[in-house]
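Protein chains in written order, with the numbering used here: chain A, 1 to 111; chain B, 1001 to 1117.
Watch out, some of these pointers could steer you wrong.
[As the list claims (entries may be wrong)] As a list, the in silico BS3-like pairs of lysine-lysine whose alpha-carbon atoms are at most 27 Å apart:
no. : chain 1 : residue 1 : chain 2 : residue 2
1   : B       : K1044     : A       : K26
2   : A       : K70       : A       : K26
3   : A       : K56       : A       : K70
4   : B       : K1071     : B       : K1027
5   : A       : K103      : B       : K1062
6   : B       : K1062     : B       : K1027
7   : A       : K56       : A       : K26
8   : B       : K1062     : A       : K69
9   : A       : K103      : A       : K26
10  : B       : K1062     : B       : K1044
11  : B       : K1051     : B       : K1062
12  : B       : K1044     : A       : K70
13  : A       : K103      : A       : K69
14  : A       : K70       : A       : K103
15  : B       : K1051     : B       : K1027
16  : B       : K1044     : A       : K103
17  : B       : K1044     : A       : K56
18  : A       : K26       : A       : K69
No wet-lab data here; the hints were simulated from the structure.
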Amino acid sequence: SQQGEEDPQALSIQEGENATMNCSYKTSINNLQWYRQNSGRGLVHLILIRSNEREKHSGRLRVTLDTSKKSSSLLITASRAADTASYFCATETGANSKLTFGKGITLSVRP
Amino acid sequence: NAGVMQNPRHLVRRRGQEARLRCSPMKGHSHVYWYRQLPEEGLKFMVYLQKENIIDESGMPKERFSAEFPKEGPSILRIQQVVRGDSAAYFCASSPPGGLAGLNEQFFGPGTRLTVL
Chain A
1 SQQGEEDPQA
11 LSIQEGENAT
21 MNCSYKTSIN
31 NLQWYRQNSG
41 RGLVHLILIR
51 SNEREKHSGR
61 LRVTLDTSKK
71 SSSLLITASR
81 AADTASYFCA
91 TETGANSKLT
101 FGKGITLSVR
111 P
Chain B
1001 NAGVMQNPRH
1011 LVRRRGQEAR
1021 LRCSPMKGHS
1031 HVYWYRQLPE
1041 EGLKFMVYLQ
1051 KENIIDESGM
1061 PKERFSAEFP
1071 KEGPSILRIQ
1081 QVVRGDSAAY
1091 FCASSPPGGL
1101 AGLNEQFFGP
1111 GTRLTVL
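Bound conformation, chain A alone (with noise of 0.2 Å):
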């Protein structure tokens, strides 16, 4: 299995609702990134936090990070139809800062 498994695989909620996202991984990092993907296009960071940070923000997103569990959580708050998207988080490893991807998150999210 993969370094960075997300979960659910898909999920859908209303406008307005929030959405939670989870990643589990296997071995130590040093920092844990959340992506955006809409379909067919690139990739858009949304947050990154390091080895040594349990909690961060950014606008409607909170990140959560648990070395001991080795899982990451992203929180949407206040969902809006725009975050319609593939969401996949990315463990940084090694010297080289390689990144390993999950299969991603589709979420929807309905008017």
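Assemble the complex: chain A is given as a structure, and chain B must be docked to it using the hints.
Chain B only, in chain A's frame:
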């Protein structure tokens, strides 16, 4: 400051032809990463380059694939004798030089979508 640029955005090749994908990192960035994304999958690391050096190519297929990042000009990912299984989106990312591991964000380009007929 322009972002990471990749061209072409879409590339169609017939089996057996060569594909050349280009990546121009952000200004001032000397680290380039290439990733491949198969349909409905996450990105998979292929290779990490600094100017004129391949640092980590552990994700590159052993045959037909090569990458370079010359002193001048863009980074090139080259796929020889393409096969249908090479059809994917290829993303390039760049990051600035120096800095400690764990502190540098990678900035992604829009990707090149390769279709092999």
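Going through the hints against the structure:
no.	hint	result
1	K1044/B to K26/A	holds (16 Å)
2	K70/A to K26/A	holds (7 Å)
3	K56/A to K70/A	holds (16 Å)
4	K1071/B to K1027/B	holds (14 Å)
5	K103/A to K1062/B	holds (24 Å)
6	K1062/B to K1027/B	violated (31 Å)
7	K56/A to K26/A	holds (21 Å)
8	K1062/B to K69/A	violated (35 Å)
9	K103/A to K26/A	holds (15 Å)
10	K1062/B to K1044/B	holds (15 Å)
11	K1051/B to K1062/B	holds (22 Å)
12	K1044/B to K70/A	holds (20 Å)
13	K103/A to K69/A	holds (20 Å)
14	K70/A to K103/A	holds (17 Å)
15	K1051/B to K1027/B	holds (13 Å)
16	K1044/B to K103/A	holds (10 Å)
17	K1044/B to K56/A	holds (26 Å)
18	K26/A to K69/A	holds (9 Å)
Going down the numbered hints, you'll see the structure goes against 6 and 8, while the others check out.
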